[in-house]
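> Make a model of the complete structure from these sequences and hints.
Protein chains: 2
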Amino acid sequence: MTTPPLASATDALRPLLDTVLDALREGTQARGGPMPGGGPEAVAGRLRAAVGDVLPEEGDPEALRHVVRALTEGSADPADPLCAAHLHCPPLAVAAAADLAASVLNPSLDSWDQAPAASALEQLVTRKLADWIYDPHSCGQSCRWGGTGGRSGTPPARASETPPTPATPDCLVTTGGTESNQLALLLARETLGPAVRLICGANAHHSLPRSAWLLGLPDPVIVPAPAGTLDPAALDAALTELPGPHLVAATAGTTDAGLIDPLPEIAAVCETHGARLHIDAAYGGGLLFSDRHRPKLTGLSAAGTVTLDLHKLGWQPVAAGLLAVKTPQDLDALQHHADYLNADDDTEAGLPDLLGRSLRTSRRPDVLKIAVTLKTLGRTGLGALVDQVCDRASEFADLVDAHPRFELHDRPTISTVLFRPAHATDDDIATTRRHLLTTGRAVLGRARMDGRLWLKATLLNPHTRPDDLAALLKLVEGTTPR
Amino acid sequence: MTTPPLASATDALRPLLDTVLDALREGTQARGGPMPGGGPEAVAGRLRAAVGDVLPEEGDPEALRHVVRALTEGSADPADPLCAAHLHCPPLAVAAAADLAASVLNPSLDSWDQAPAASALEQLVTRKLADWIYDPHSCGQSCRWGGTGGRSGTPPARASETPPTPATPDCLVTTGGTESNQLALLLARETLGPAVRLICGANAHHSLPRSAWLLGLPDPVIVPAPAGTLDPAALDAALTELPGPHLVAATAGTTDAGLIDPLPEIAAVCETHGARLHIDAAYGGGLLFSDRHRPKLTGLSAAGTVTLDLHKLGWQPVAAGLLAVKTPQDLDALQHHADYLNADDDTEAGLPDLLGRSLRTSRRPDVLKIAVTLKTLGRTGLGALVDQVCDRASEFADLVDAHPRFELHDRPTISTVLFRPAHATDDDIATTRRHLLTTGRAVLGRARMDGRLWLKATLLNPHTRPDDLAALLKLVEGTTPR
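Protein chains in written order, with the numbering used here: chain R, 1081 to 1562; chain C, 1081 to 1562.
Hints are computed from structural coordinates only; laboratory data are not their basis.
There could be a bad hint or two in this list.
As the list makes no split between identical chains, a pair holds if one copy fits it or if it spans any two.
With a Cα cut of at most 25 Å, we get these calculated SDA-like pairs of lysine to any residue [to be verified]: (1) 1406 / 1090; (2) 1406 / 1294; (3) 1376 / 1344; (4) 1376 / 1138; (5) 1376 / 1309; (6) 1376 / 1141; (7) 1406 / 1490; (8) 1406 / 1137; (9) 1376 / 1137; (10) 1376 / 1136; (11) 1406 / 1266; (12) 1376 / 1130; (13) 1406 / 1136; (14) 1406 / 1271; (15) 1406 / 1506; (16) 1406 / 1354; (17) 1554 / 1505; (18) 1376 / 1083; (19) 1406 / 1551; (20) 1406 / 1474; (21) 1376 / 1471.
So this is what it looks like as structure tokens:
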């Protein structure tokens, strides 16, 4: 048997990439829309028929083409304007291309000798983003590591050293908002003790209560949020009533409606009660890139920890999560020792200790695609994409509002629009959504607000045009029972 | 501003992939060896100089080339035969190519409407692998979903249904052995209660005690393992002494020496005491593919949960972790509800509920590269790669053993060889390793066994030839103080 080529053999890799591109094109043509038709069993049946035995005794040299083609044909396509259900963005070409290099080079961020440059790149990006998240206005030319040689020519701190300035925020790379929220709770537990209680709104992401369960924390207190945002007065009452310590989790960009909690008021309540504040800005954090929308995040920098997801308003392939941490000493809780990765004498001799940067051990450099995207587009380029999707949402809300047969829930805060056919029942709406889905014609989400079920359009595609929005609305109109 | 192209625009993606391939080639040439020279500060300085400001106001269209080139130049190259420190494999070209499609299509495995075909592919692969892990001998033609239409023409179970046969094992896809071990402990906690105590050998992976800490479990009991494997008699004594419930974690392929605990004896001790057994086969699990080496894993199927990492003996880019679960009802503990992803009426209407397959929410389809690799190489092709790296390790041990200036720790069980220059001190050995590392000449690991420090060569590159092994030994010889 000839040993199959490694990814580092670029001459061998190139034709395989051509195969992938061909299979992507063929699969997309075969699908012919935003979603494969026929519903779950039909899609799974076609996939199984195309793949056949996935672990045969003898290999199949055509497997790459067949499997990628089948996967493509059976995919929901976030690049199709009619696929707008979830915080599920279409990735940028430049991000996907950079991500290929991560797969080929395969650095693993658990020790320096597996990731010499990748660990340096991660440090560069995470510190820049931490500064940016905590103070976007001041983060211009003078920003740390903003130039080519570090600040004022000072050599960079080794990863193994305590950062020089206690107040300098830091940032971890995660698999997404869920892991970021999990880490935020863990840091709170290690800082405030295992009796720390999570308090969040009913509008908060499900991963927050799930993380409390995972970490063995007391049952969280869920503050009702009938208007879709966390009410500072209700929060104040809960904090007054419950014994501490408390971790309050606010949201900047709810999953259901893209709403932003009143961050400055919540921060003030937390300060009054001495509660620690976490802000889940998995969705809304991307507004930082936009001059126009950034003011909506005023108050963000009051949080001890901030979740951000660049696979939402950042157009990265999954995974591209971040957790910004205001007080880097909080990260000491993650310090961990494994002789084969960070022996004391190696650390003393200057080899950076990376184990405290994650709970994972082997770790893919998701920072590469992030770095390439940030630098290719620049802050203004990313801001322009943010502005575009927010504009599309606003235009879609206009269309809905002007349409006699539809009801608009509210003007969008970010890029989510909730709407429903007038006079439809909740069952009608759920059925309409599933019908569009299983016939492969459109992918819309759903959300319950004000006691009623709404259709949800999450607009994350900067290439979507006004015509597409009109087509989407027309499609829903044609599908809804009269 | 022109909106930058999405990854789905294959005509726009193609030239970017060419840029990546060029940058990979240029960066590899500029490095000229297994590791960049100069040590951590020099490597980080060059990277920072090449990248410059990572979040400039205006974009830089050359960023992809420059950042990928700099990362490549500064990478440790697992495809270089002299890079053999860690369980850090060189990925196969076909796996990296398939992984590109995951980045482009960006399905997210938290709901069916984001991943219709990817969820079906994951089900196909995980069930096949679970069957394979728990009974590799019987898993031929008759294996479930082995053919194109499912077993005996029975339509496949929907993901939302309880699997039909209680005894049918299942498998989750994870970010690696660490997350797999974490999930194994979580399932034990949820099955046996929060007082469950982890008992493992001192040879077990650091992620096991770390997971106990994460999950708020009692302090684990670490059984001394002076010979490098868990002693069944010592385990029996610990289980006799300590009140239950217990989770015993055994290892098939230790990180330090690639040793396999005596699995059948450990399983018998666990059965006697009614203890739950987890086996961390992150490294050794790949031996299942090889007819020659599979018998070393006898006893594996006694475990309630098994960790496997196909980014080790499976030649995948990180991440490609698995957790096999013998009793699928154990997975009920992960069931989770979030109305926007798995509303009851959607589940009842037949939309598969995916949230209980992971603690993550957004989730990249790492199963794609795994599926393509399994099918391209077949079981025998993967087995041949396993045999090759085990043979190389055996040959390297021969070279060491025959060399008057080196001491061999032991014959390799898998593909790890511990060796040391005769008469060297531990300090000499640590210094030699760092010198090879920081001069960019070789990447070797380290391990403490029998109270002494050893150099560690983990041979995972199937393209390594006997000549390379001789060169590696000669290089170490020339570097060690006489």
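> Work down the list of hints and note, for each, if the structure agrees.
Okay, the hints, checked on the actual structure:
For a Cα distance limit of 25 Å, the shortest separation of residue 1406 from residue 1090 qualifies neither inside one copy, at 42 Å, nor across copies, at 40 Å. Taking CA atoms no more than 25 Å apart as the test, residue 1406 paired with residue 1294 passes in both settings, with 24 Å inside one copy and 22 Å between copies. In this homomeric assembly, residue 1376 and residue 1344 come within 25 Å of each other (Cα to Cα) only inside a single copy, at 10 Å, whereas the closest approach across copies is 61 Å. For the identical chains of this complex, residue 1376 and residue 1138 are inter-copy neighbours only, at 23 Å across copies versus 58 Å inside a copy, given an alpha-carbon limit of 25 Å.
When the C-alpha separation of residue 1376 and residue 1309 is checked against a cutoff of 25 Å, the pair qualifies only within one copy, where the shortest distance is 14 Å, while the shortest distance between copies is 57 Å. Taking the shortest alpha-carbon separations for residue 1376 and residue 1141, neither the intra-copy value of 53 Å nor the inter-copy value of 30 Å comes in at or below 25 Å. Taking CA atoms no more than 25 Å apart as the test, residue 1406 paired with residue 1490 passes in neither setting, with 34 Å inside one copy and 49 Å between copies. In this assembly of identical chains, the alpha carbons of residue 1406 and residue 1137 lie at most 25 Å apart only when taken from different copies (24 Å versus 53 Å within one copy).
For a Cα distance limit of 25 Å, the shortest separation of residue 1376 from residue 1137 across copies, 20 Å, qualifies, whereas the shortest one inside one copy, 58 Å, does not. Taking CA atoms no more than 25 Å apart as the test, residue 1376 paired with residue 1136 passes between copies only; the shortest distance there is 22 Å, against 55 Å inside one copy. Within a single copy, residue 1406 and residue 1266 get their C-alpha atoms as close as 15 Å, which meets the 25 Å cut-off; across copies the closest is 30 Å, which misses it. When the C-alpha separation of residue 1376 and residue 1130 is checked against a cutoff of 25 Å, the pair qualifies neither within a copy, at 48 Å, nor between copies, at 35 Å.
Taking CA atoms no more than 25 Å apart as the test, residue 1406 paired with residue 1136 passes between copies only; the shortest distance there is 23 Å, against 51 Å inside one copy. With identical chains, the CA atoms of residue 1406 and residue 1271 are at most 25 Å apart within one copy only, with a shortest distance of 13 Å there and 37 Å across copies. In this assembly of identical chains, the alpha carbons of residue 1406 and residue 1506 never lie at most 25 Å apart, being 43 Å within a copy and 40 Å across copies at closest. Proximity of residue 1406 to residue 1354 under the C-alpha cut-off of 25 Å is restricted to the intra-copy arrangement: shortest distance 16 Å within a copy versus 47 Å between copies.
For the identical chains of this complex, residue 1554 and residue 1505 are intra-copy neighbours only, at 19 Å inside a copy versus 78 Å across copies, given an alpha-carbon limit of 25 Å. In the homo-oligomer, the alpha carbons of residue 1376 and residue 1083 lie at most 25 Å apart only across protomers (24 Å), although the nearest pairing inside one protomer, at 56 Å, exceeds that limit. When the C-alpha separation of residue 1406 and residue 1551 is checked against a cutoff of 25 Å, the pair qualifies neither within a copy, at 45 Å, nor between copies, at 49 Å. In the homo-oligomer, the alpha carbons of residue 1406 and residue 1474 never lie at most 25 Å apart, since the shortest distance is 33 Å inside one protomer and 50 Å across protomers.
For a Cα distance limit of 25 Å, the shortest separation of residue 1376 from residue 1471 inside one copy, 15 Å, qualifies, whereas the shortest one across copies, 61 Å, does not.
Hint violations for this structure: numbers 1, 6, 7, 12, 15, 19 and 20, all remaining hints satisfied.
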